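In order, the protein sequence lines correspond to chains Y and V. Throughout the first sequence, residue numbering follows my numbering, covering 1 to 455 in sequence. Throughout the second sequence, residue numbering follows my numbering, covering 1 to 455 in sequence.
Everything hinted at is true.
For identical chains, the list gives no copy identity; a pair is met inside one copy or between any two copies.
Listed below are the simulated DSSO-like cross-link pairs for lysine-lysine, each with C-alpha atoms no more than 27 Å apart in a straight line: (1) Lys92 <-> Lys182; (2) Lys26 <-> Lys39; (3) Lys92 <-> Lys127; (4) Lys6 <-> Lys16; (5) Lys126 <-> Lys92; (6) Lys253 <-> Lys6; (7) Lys16 <-> Lys253; (8) Lys92 <-> Lys16; (9) Lys6 <-> Lys126; (10) Lys196 <-> Lys453; (11) Lys287 <-> Lys253.
Bear in mind the hints are in silico, worked out from the structure with no lab data behind them. Since the structure is predicted, the reported quantities are computational estimates derived from the model, not experimental observations.
Number of protein chains: 2
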Amino acid sequence: MDIPYKIYLNEEEMPKAWYNIKADMKEQHDPFLHPATGKPCTKEDLLPVFCEELIDQELNTTDRFIEIPEEIRNFYRMFRPSPVVRAYCLEKALDTPARIFYKFEGANTSGSHKLNSAAAQVYYAKKQGITHLTTETGAGQWGTALSMACAYFDVDLTVYMVKGSALQKPYRKSIMETYGAKVISSPSDTTEVGRKILEENPDTSGSLGCAISEAIETSVKTENCRYVLGSVLDHVLMHQSVIGLEAKIALDKYGVYPDVVIGCAGGGSNLGGLISAYMADKLQGKKAPKFIAVEPLSCPSLSRGKYAYDFGDTGQITPLIKMYTLGAGFMPAPNYAGGLRYHGMSPVISKLYHDGFIDEVRAEEQRRVFDAATLFARVEGTLPAPESAHAIRVAIDEALACKETGEAKDILFGLTGTGYFDMTAYASYHEGTMSDYIPSDEELEASFAKLPKVE
Amino acid sequence: MDIPYKIYLNEEEMPKAWYNIKADMKEQHDPFLHPATGKPCTKEDLLPVFCEELIDQELNTTDRFIEIPEEIRNFYRMFRPSPVVRAYCLEKALDTPARIFYKFEGANTSGSHKLNSAAAQVYYAKKQGITHLTTETGAGQWGTALSMACAYFDVDLTVYMVKGSALQKPYRKSIMETYGAKVISSPSDTTEVGRKILEENPDTSGSLGCAISEAIETSVKTENCRYVLGSVLDHVLMHQSVIGLEAKIALDKYGVYPDVVIGCAGGGSNLGGLISAYMADKLQGKKAPKFIAVEPLSCPSLSRGKYAYDFGDTGQITPLIKMYTLGAGFMPAPNYAGGLRYHGMSPVISKLYHDGFIDEVRAEEQRRVFDAATLFARVEGTLPAPESAHAIRVAIDEALACKETGEAKDILFGLTGTGYFDMTAYASYHEGTMSDYIPSDEELEASFAKLPKVE
Chain Y
1 MDIPYKIYLN EEEMPKAWYN IKADMKEQHD PFLHPATGKP CTKEDLLPVF
51 CEELIDQELN TTDRFIEIPE EIRNFYRMFR PSPVVRAYCL EKALDTPARI
101 FYKFEGANTS GSHKLNSAAA QVYYAKKQGI THLTTETGAG QWGTALSMAC
151 AYFDVDLTVY MVKGSALQKP YRKSIMETYG AKVISSPSDT TEVGRKILEE
201 NPDTSGSLGC AISEAIETSV KTENCRYVLG SVLDHVLMHQ SVIGLEAKIA
251 LDKYGVYPDV VIGCAGGGSN LGGLISAYMA DKLQGKKAPK FIAVEPLSCP
301 SLSRGKYAYD FGDTGQITPL IKMYTLGAGF MPAPNYAGGL RYHGMSPVIS
351 KLYHDGFIDE VRAEEQRRVF DAATLFARVE GTLPAPESAH AIRVAIDEAL
401 ACKETGEAKD ILFGLTGTGY FDMTAYASYH EGTMSDYIPS DEELEASFAK
451 LPKVE
Chain V
1 MDIPYKIYLN EEEMPKAWYN IKADMKEQHD PFLHPATGKP CTKEDLLPVF
51 CEELIDQELN TTDRFIEIPE EIRNFYRMFR PSPVVRAYCL EKALDTPARI
101 FYKFEGANTS GSHKLNSAAA QVYYAKKQGI THLTTETGAG QWGTALSMAC
151 AYFDVDLTVY MVKGSALQKP YRKSIMETYG AKVISSPSDT TEVGRKILEE
201 NPDTSGSLGC AISEAIETSV KTENCRYVLG SVLDHVLMHQ SVIGLEAKIA
251 LDKYGVYPDV VIGCAGGGSN LGGLISAYMA DKLQGKKAPK FIAVEPLSCP
301 SLSRGKYAYD FGDTGQITPL IKMYTLGAGF MPAPNYAGGL RYHGMSPVIS
351 KLYHDGFIDE VRAEEQRRVF DAATLFARVE GTLPAPESAH AIRVAIDEAL
401 ACKETGEAKD ILFGLTGTGY FDMTAYASYH EGTMSDYIPS DEELEASFAK
451 LPKVE
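For reference, chain Y alone in the conformation it holds in the complex (with noise of 0.2 Å):
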């Protein structure tokens, strides 16, 4: 049968149910810590800056799958199914015996696969009488899928932009607030935190770790508020595993199990939605694709960073997480790939890392990255997101070794978003004043130094 360009689910064959992985992973990653007792979170803990819901399903540990309810399921179909998408154009220009497939994420309007979990998280606040959201972004892709979210929902929501993004993307704003939010540069002076900050490094182009402390902040403050985020909790990867099931029910049907699949890594949800399905089969012991992680030299939070506890801000009030770390207080240098500049990671992927069970973590430089991307738009058609460049420069390094050996392997990756809000990026390599910072040993170290100390 031949495979087509694009495989579409119908919309009865899109997953009725979220894949909870946790419930297959035999060792659990630590539980978060309260920053104050050092003793583990508890449910009440976290009350009152998340959403009920959302607490019972990051704390599920024995359900393997969670009932999508049909509310989201109606807003899913405003934009999905997504397809996979045979890179038939790529694989000619490469001359590789490999077969390449993305499932493209990013056919919607926040660009990104960010919708997947905004759908559900606001579906749940509201549920709740919640009637104020407030959150961060540092690409903006997570900012506008909320914003498109509590439009659909309606719900307020105030959005902290980390500003060396919003510098770079002043139409992220306005496309959030036609969505109706509220958006607000950080580290800014409407929260303790944000002055506090600016106070110590009044230049300074701010990070997913200030943005974090700043809605958080104010979600405490807020009446009727509550606090979400848009990638590393358990419970966004739950709901990112829309991708992955999606992925595998289109390949099925074409008899294809790839032999690898390659996520980009920023806080980990897109990598562990992604990755899910198949994950399911290596956790039970059956035959895998080969895992690959991909993150940027600039924030190499696998690659180079502590396993250990950390606060998963840089205001240091949210729980101690155990993760892959470069230490809260990392300031990753200015790239264009913002929603990879974070400096933690998903304590679930981190696990998995740490476990064997993802194979590998590349760490890429920005203009190699860059040159995947302008020859993927090239011959593919679609204009990645910088985020999503990171895995196709190495879905394009695996098909090139491919053609060294001669092995057809079939490559399966993730293309998260699209990068019509990255042009000064584009221009910028384009121009050939694109560059990029690789942090030394010294100063990674400087920054573990500072980890908190947990017994």
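Given the structure of chain Y, go ahead and fit chain V onto it with the hints provided.
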């Protein structure tokens, strides 16, 4: 049978031939006239400027269907078939008994339907051995689409971009450059006609008419080069027939025959494509939908233009075209729908309107258009291009009229593109600084007075 949110065709169901509406028109539009002789243009007259096979298509009034070459269909597979979407959420928000459908052509990097014709035109140029193409772009969608097609088929491209649009949308330039095109703001000093226009009016923000003149001049002066146009011409409308053919196949599956079909009209190619399959019914005397064309109040070529011979460009170097026109010298006020700022109109659309086959034209005010765009974005998710929002405005008005009368009409409109590069417009709307300019009767009369005299 329940109608899904999105009706996708399989790749095998995609049209294998374009529909040539002229074969069904009992009367053809008047022929192009040579500007020097005043006589009908022959194929030979057009050969120095246009690709040969495109001229053959332009002059073909007999073949109802023209096969789409396999190479073009393979290109189409990267972004087609495009879905027909049932606007369930918009229907609910309007509380209307009407059913609203839209054919969504924006899910590709060019952000619009323009890629349908770009793929075809570049393919035929390449086949003829042409190595360089020139064109103009207003909103930037055509320029982007052509850049993508030229990257795919490996043909050089120079784009003259209307200066006002280039300033509003700097990132459009970057995206065309990413696909390898050379982009020049028009009017420019790279052509005689550009220098002349700048001398007379140094502060002009340009127009499509100017940019066309410059692109043609450059194509004639460059070796092995031809000029291509993104709208207006008959062959472009024919390429766009895939929109209407697919829409009808998709709706037929669910037993839906629209009562109203609504499209925005700039040069007319999207409208011509959208209505094609249903207009075939009307031309054959069968039951057919009501057809409504929508244009901006600031550039009302169909509703207030003259049906007369005129130049296609400001520099008066194109053949004379019988069409609805505001006069080739008419400079529309800057608005945010650059794709609808053309003084003329497709001769096929003009003829159909003149002869009563297109039932109605509406000219819409810019802020009312953005009211509709914003509502649509919030409830349907997708952020529309300002051009497309003209059709949304009228679709909403029709659906609201149904609410008054209780009629359950089936409404189909064309969502030609996305607004990712139009955030300046959305920000202006959001901030309340958006205005509109309606040309006075005196202005139009003065422009009509300069129309060329044709015996």
